[in-house]
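Participant: Listed below are the residues making up each chain.
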Amino acid sequence: MISLENIAIGYKEVLFSAENIELSKGKVYALVGRNGVGKSTFLKTLSGNLVPLKGQIKVSGQNLVNLNNSEKSKLIAVVESKFDGISFLSVKDYLGLGRSPYTDIFGRLENSDLEKIQEVAEVLKIKHLLEKDTVEISDGERQLVMIARALVQDTDLILLDEPSAFLDFINRELLLKSLVEIAEKYDKCMILSSHDIDACSRFSLPMLFIHNKQLIYSEKFDLERVKS
Amino acid sequence: MRNLNRIKLALAISAVVLPVFFVLDLMVGQIQISFVDVWNSLFGQVSDETISVLIKEFRFPKSMVAIIAGASLSIAGMFMQTLFQNPLAGPYVLGINAGASLMVALSMLTGISFFYNEYGMIASALIGAFSVGALMMIIATNLRNTVALLLVGLMLGSFISAFINLLEVGSIADSLKRYTLWSMGSLQQVSFSQIPVISLVFVLGFTISFFFVKPLNLLLLGENAAVNLGLNVKFSRLGILFVTALLSGLTTAFCGPIAFVGLAIPNVTRMLLKTRNHTWLLVGNAVFGALFLLICDVFIQLISGEILVPINVLTSLFGAPFVIYLVTRKRL
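Those protein sequences? They're chains A and R, same order as listed. Just so you know, my numbering puts 4 at position 4 of the first sequence, and the rest follows in order with no gaps. Just so you know, my numbering puts 241 at position 13 of the second sequence, and the rest follows in order with no gaps.
Honestly, the hints are just simulated from the structure, not real lab data. Just so it is clear, the structure is predicted and the values come from calculations on it, not from any experiment. Errors might be hidden in some of the hints.
Taking lysine-lysine pairs in the PhoX-like style, the calculated list, with each CA pair at most 20 Å apart, reads [claimed, not checked]:
#, chain 1, residue 1, chain 2, residue 2
1, A, 27, A, 220
2, A, 185, A, 12
3, R, 502, A, 44
4, A, 92, R, 462
5, A, 12, A, 27
6, A, 92, A, 44
7, R, 502, R, 236
8, A, 132, R, 462
9, A, 25, R, 502
10, A, 132, A, 27
Over 10 Å on every C-beta distance to chain R, these chain A residues come out as not near it, computed from the model [what the hints assert, rightly or not]:
#, residue
11, 90
12, 162
13, 201
All residues carry an ideal CB built from backbone N, CA and C; glycine is no exception.
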């Protein structure tokens, strides 16, 4: 699904590098490491908005460097860490924007697009929010809606930048649980950056750990190693 | 669904009210003209030569310009507000009008003949509008703070005005008067023969606008999200800026810098239609903007005596309190 081939990541100076790593579909990968090690930079690189300083990244067999924005948007969805909501923008319209990679030049939604939105809303149990304004719903609900937009985008790879940062303990657990379920059920590859190493460990997510300028992959979450 | 009906209803009502005010605007003035005479002057036999000339040569172009200018400025304002993600943006606030004004001042006050015909005027206003728009765009990419950005726009406006003042000081009385009148904003500078050109440019700008509905909807989410949803941001920004310059440059060239319409109407439209879908906002801004300027002009005709009150007096009178309301009610 994703292959990292001998990459070095950073803006001008190398923040960290990695040897060959293969990530597969149906799983949620936890991207962990201390502040400033380059988690966000890594996500930006994976989204194709930053070119790796060395090596190459392939998503579904295609080298990211060779794709334009439109092509990338059909392969990769990004869930930003925060969305404050926009007045007069309904949840439904917001999710509709997630279909942009597939709509025509005027952005009109076909029936198939609307069905996709309904389907995702059903899975994430946010159907009752569809007609609401994006500023009227709670932070937790908005977080779910953001994830829904990424699912609506119908990509193999979903990148999540600290999706639980603004949630309380119970909602964090619920969110992780549903992400794992969705990744399995819909065969998605998800990579989420997180500071909540305890939760990642409890769900024993496969781990991408940035430490000492190296990206280390381990199949099981290694809490001891991260903490040391 | 419920909201969609609401949008359609609001637009339908305005579509009925708009022609009513259009006819009303033709009727009122220093001489009141009856509906029958208005109708006959436009379509039927001429009953009175003076009235016919008055309607055809003065009032009809003026009312048409009110519609086109109101729609253009409102659409341009909406574009700027979405592009800069700021409800207080607009061609006037961002200095785009000032850019157009400077170029018009150059053509009117220096007498460089290259600019000294009506097409030269439009062209120079467009160039001025586009240059300032592009400059603000560059500044905006480096300056995320919205209040700071507006301040930069206002400062840029004053900076450009300083140059205009310099030109004014050095110019002869005749052209200075012409420019001063122009700068107060007026719907009356347009003759019947210019209407086709103005209408054509407006229809062109309005039509192109629909091709930027999707980029505008995506830009609501911010640039990063828009890119991740497949948008070519650079091209979209440039295109949106071009249409903005076209519409506000067109208006400024013919009517002078008209204040507040481009700032207030997009906000009113959003509040009335309760949507962020730019297809509806585009139609809404065109209709409400046109209606607003028509109503302003009817008011002007009703309160004016011998000397006509400049259009900016009215737009500012309605617009300024509204902006104060916006600022105090909403966090920026």
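Participant: A separate judgement is required for each hint: does it hold in the structure or not?
Facilitator: Structure-based check of all given hints:
At roughly 12 Å between alpha-carbon atoms, residue 27 of chain A and residue 220 of chain A fall within 20 Å of each other, so this suggested pair holds. Distance check on the hinted pair: residue 185 of chain A and residue 12 of chain A sit about 39 Å apart at the alpha-carbon level, beyond 20 Å; violated. Proximity of residue 502 of chain R to residue 44 of chain A is assessed by CA-CA distance (about 34 Å); at most 20 Å being required, the pair is judged violated. Of the pairs offered as hints, the one joining residue 92 of chain A and residue 462 of chain R is violated, with about 27 Å between alpha carbons and a cut-off of 20 Å exceeded.
Between residue 12 of chain A and residue 27 of chain A, the direct Cα distance comes to roughly 31 Å. Violation of the 20 Å bound is thereby established for this hinted pair. Restraint check: the Cα-Cα separation between residue 92 of chain A and residue 44 of chain A comes to about 27 Å, which exceeds 20 Å; the hinted pair is violated. With a C-alpha separation of about 12 Å, the suggested pairing of residue 502 of chain R with residue 236 of chain R holds against the 20 Å cut-off. For the given pair, residue 132 of chain A sits about 32 Å from residue 462 of chain R by alpha-carbon distance, which is inconsistent with the 20 Å threshold.
Between residue 25 of chain A and residue 502 of chain R the CA atoms are separated by roughly 40 Å; this puts the pair beyond 20 Å, and the hint is violated. Distance hint between residue 132 of chain A and residue 27 of chain A is unfulfilled; the C-alpha atoms sit about 31 Å from each other, more than 20 Å. In this structure residue 90 of chain A is not separated from chain R by more than 10 Å, as the shortest Cβ-Cβ distance comes to only about 7 Å. At the 10 Å boundary, the C-beta of residue 162 of chain A stays outside the reach of chain R, the nearest C-beta of that chain being 15 Å off.
Once the 10 Å rule is applied to beta carbons, residue 201 of chain A is consistent with being away from chain R; the minimum gap is 29 Å.
When each numbered hint is compared with the structure, violations occur for hints 2, 3, 4, 5, 6, 8, 9, 10, 11.
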